Amino acid sequence: MTLMAEPLIRFREVTKEFPRPDGTGNFVAVDKLSFEIAKGEIVAVLGKTGCGKSTMFNLLSGLIEPTRGAVEVTGHDPFKEFNFFRGKIGIVFQNDRLMPWRTALDNVVLGLEILDTPREQAEAVARRWLERLGLSGHENDYPHALSGGMRQRVSIARAFAVDPDILLCDEPFSSLDEMTARDLRAEFLRLVRQNGKTAVFITHHINEAMEVGDRILVFHRPARIAYEARIDEAARGGGRQAIQDEILKVLSLDASAVRP
Amino acid sequence: MNQRVTKFLQASASIAVLLAAWQIASLFFPHYLFPPVQDVIARTVKILLNWAELSQVLETALRIFAGLAGAFLLGSLIAIPIGRYPRIESYVNPFLIFLQGIPALSWVIVAIIWFHGTEFRIFFIMVVTTLPAFTFQVLDSYRSMSKDLFEMTMAFRPSGWVLFRVLIVPTIVPGILTAWKINLGSSARVVVVAELVGATGGVGYELLRQQQLFDMAGALAWTIQLVLFVLVVQQLIVWTETWLLRYRPVSERAA
Ligand SMILES: Nc1ncnc2c1ncn2[C@@H]1O[C@H](COP(=O)(O)OP(=O)(O)O)[C@@H](O)[C@H]1O
Ligand SMILES: [Mg+2]
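Chains as they are written, first to last, in this note's numbering: chain A, 1 to 260; chain B, 1 to 255.
Take these hints with a grain of salt, some might be off.
Below, in silico cross-link-like pairs of lysine-lysine (BS3-like), each with a Cα-Cα straight-line distance of 30 Å or less [what the hints assert, rightly or not]:
hint : chain 1 : residue 1 : chain 2 : residue 2
1    : A       : Lys-32    : B       : Lys-181
2    : A       : Lys-48    : A       : Lys-32
3    : B       : Lys-147   : B       : Lys-181
4    : A       : Lys-249   : A       : Lys-48
5    : B       : Lys-147   : A       : Lys-48
6    : A       : Lys-88    : B       : Lys-147
7    : A       : Lys-39    : A       : Lys-88
8    : A       : Lys-32    : A       : Lys-88
9    : A       : Lys-80    : B       : Lys-147
10   : B       : Lys-181   : A       : Lys-197
11   : A       : Lys-39    : A       : Lys-80
12   : A       : Lys-48    : A       : Lys-197
13   : A       : Lys-197   : A       : Lys-32
14   : A       : Lys-39    : A       : Lys-197
15   : A       : Lys-197   : A       : Lys-88
The set of hints was computed from the structure by calculation and includes no laboratory data.
Treat the numbers as computed from the prediction; the structure is a model and nothing was measured.
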C-alpha cells in the first residue's frame, strides 16, 4: 500500500454489536474492522447481503455508535461530534428517501435549509444541481410524479447540493433497472470526479464495484476486510479478469451469479 | 363527478325518507311531540337570521374551539415526549385510558365542585374529555414517521427545532387534521352537557330552556344548529386537508 497523507476516513478496529432480539447476548455485525481512505479516493465496498455493509455505512455517517474501536472522519468522531459534520457528509441511500410533501426542488433544498443557507441562494444551488442531473422542468414536481430513476437523481442532487467533502452511497442504484442504473452510475462518477469528492460506494455487484472504485474493499461476514484491490489503469485493462476472479473466489460466489 | 352526484342523491333520498316519516308522524301526533317539518325549518332559519340567537350558537362554537385547542396543545405536549422517549408511555397511558372512561356528566359535577366561573368550568370539561383522544392521535401520527426519512434528515445534522419543522410537523399534520375532524364531532356532543354548569347562553342553555317550555320544534332547531356547525367546520377541515396534502397522488385521497 502506498504511503498516504493523513487519511480522510479511518476505521480503527471498529466492532459493532447488536443485542439479539431474543435476548441471548449480542450479535456481531462489524468485527474489528480497520481501513483508511484518502482524500479524493473513490472506494467501493463489496460484500454479500447481510455482511454488515450498511452497518459500516451507518457507523461512518454517525447514525450509530461503535461498540468498540474508533471511527474518524477528518480526525473527528461522526457520532459524538454531531454538529461538526453539519453539511460535510452527503448521503445517497438505496431508496431515494425523498420527502413526499416537498417538490423536487424543495427536496434538494433540504440540506441547504438545514445549513441555514438563505432561501434564494439555496434555490439557485438546487436548480443548478437538478439541471446537472437532467431534471430541468421537473423542479415543481412532487416525488410521486417522478419515475424511480428521476427520484434517485433528485436524491443525488440533494446529496451534492450541500457541497459535502464526502459522499456516502449505500447501494444507490440497486433498485433501478440496469439501463437506468448504468447511466446514473456514469453521471455520478463524473460528478464525483469533477467536484473532487471523496466517495464510499457500497454495492453487492462485482461489476459495479469494478467500475466505480479506485479501490475495492471486499467484506466478509461479519464485516471485516477479506480482500482489497486497487483498480488502476493496468487493472482496468488485462488485470481486470484476474482481480474479478480473485474477488469471486473470496466471496465464493458462483461466477454465473455475476450480472452482465 | 358522476359518483358525487350519485352519492348526493343517495344522501338526499335517505334524508327525504326521514323527513317524510316525521311529517306523517306529525299528522297523527300532537305538534308538541312531532312538530311539522316546515315549523322546524322555520325555527332553524329564524335562529340563523336573528343575531341574538345566532350569537349564542357562535358562543358555543367558541367554547368548542377553545376546548379543542386546549386539548390539542396539551395532547401534543404529552404525545411528543412519549414519541421520543417511549418509556414514558407505560406511565402516562393508564392515566389517559382512565380519563377516557369518565363520562362527560361526571366532569360536569367535578367542574362545578372544583371551579368557579362558568367559562373556565366549560373549558376544563371540554379539555379533559377530548385530551386522551387527541394525545393518542398525535402520538400515532408521530409514530408513523418514516425511519428512512428520519435517518436521511439526521444525516444532514439538523438542530432539534429544524428537525421538528422539516420532518416532524409535516409527518404529523395529516393525523392532526383527522384528529380535529373526529374530536370536533365528539366535543360538539359534549359541549351541550358542559353548558349545564350554569351557562347563561349557548346551545346547551337554549336546549334546556326549550325543555322547560316543552318546545320540540325549538329543541330540534337548536340541535340542528350544532349539527350544521359541525358539518361546516368539518368541510373547512377537509378543504384545508386537500390543500395541505395536495402532494399526495390522487388515489390516496379518494378513500
Ligand atoms: N439495528 C440493528 N439491530 C439488530 N441487528 C441489526 C441492525 N442493523 C443490522 N443488523 C444486522 O446486522 C447484519 C448486517 O446488516 P447490514 O449491515 O444491513 O448488511 P448489508 O448492508 O451488508 O446487507 C444483519 O444480520 C442485520 O440483521
Ligand atoms: Mg445494506
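Verification of the supplied hints:
1. A:Lys-32 to B:Lys-181: 54 Å, violated
2. A:Lys-48 to A:Lys-32: 18 Å, holds
3. B:Lys-147 to B:Lys-181: Roughly 27 Å separates the two Cα atoms, so the pair holds.
4. A:Lys-249 to A:Lys-48: Holds: Lys-249 of chain A and Lys-48 of chain A sit about 13 Å apart, inside 30 Å.
5. B:Lys-147 to A:Lys-48: The hint holds at about 24 Å.
6. A:Lys-88 to B:Lys-147: 22 Å, holds
7. A:Lys-39 to A:Lys-88: Status holds; Cα separation ~13 Å.
8. A:Lys-32 to A:Lys-88: 26 Å, holds
9. A:Lys-80 to B:Lys-147: 21 Å, holds
10. B:Lys-181 to A:Lys-197: 50 Å, violated
11. A:Lys-39 to A:Lys-80: 22 Å, holds
12. A:Lys-48 to A:Lys-197: It holds: about 26 Å lies between the C-alpha atoms, which stays within 30 Å.
13. A:Lys-197 to A:Lys-32: With a Cα-Cα distance of about 27 Å, the restraint between Lys-197 of chain A and Lys-32 of chain A holds, given a limit of 30 Å.
14. A:Lys-39 to A:Lys-197: 8 Å, holds
15. A:Lys-197 to A:Lys-88: 11 Å, holds
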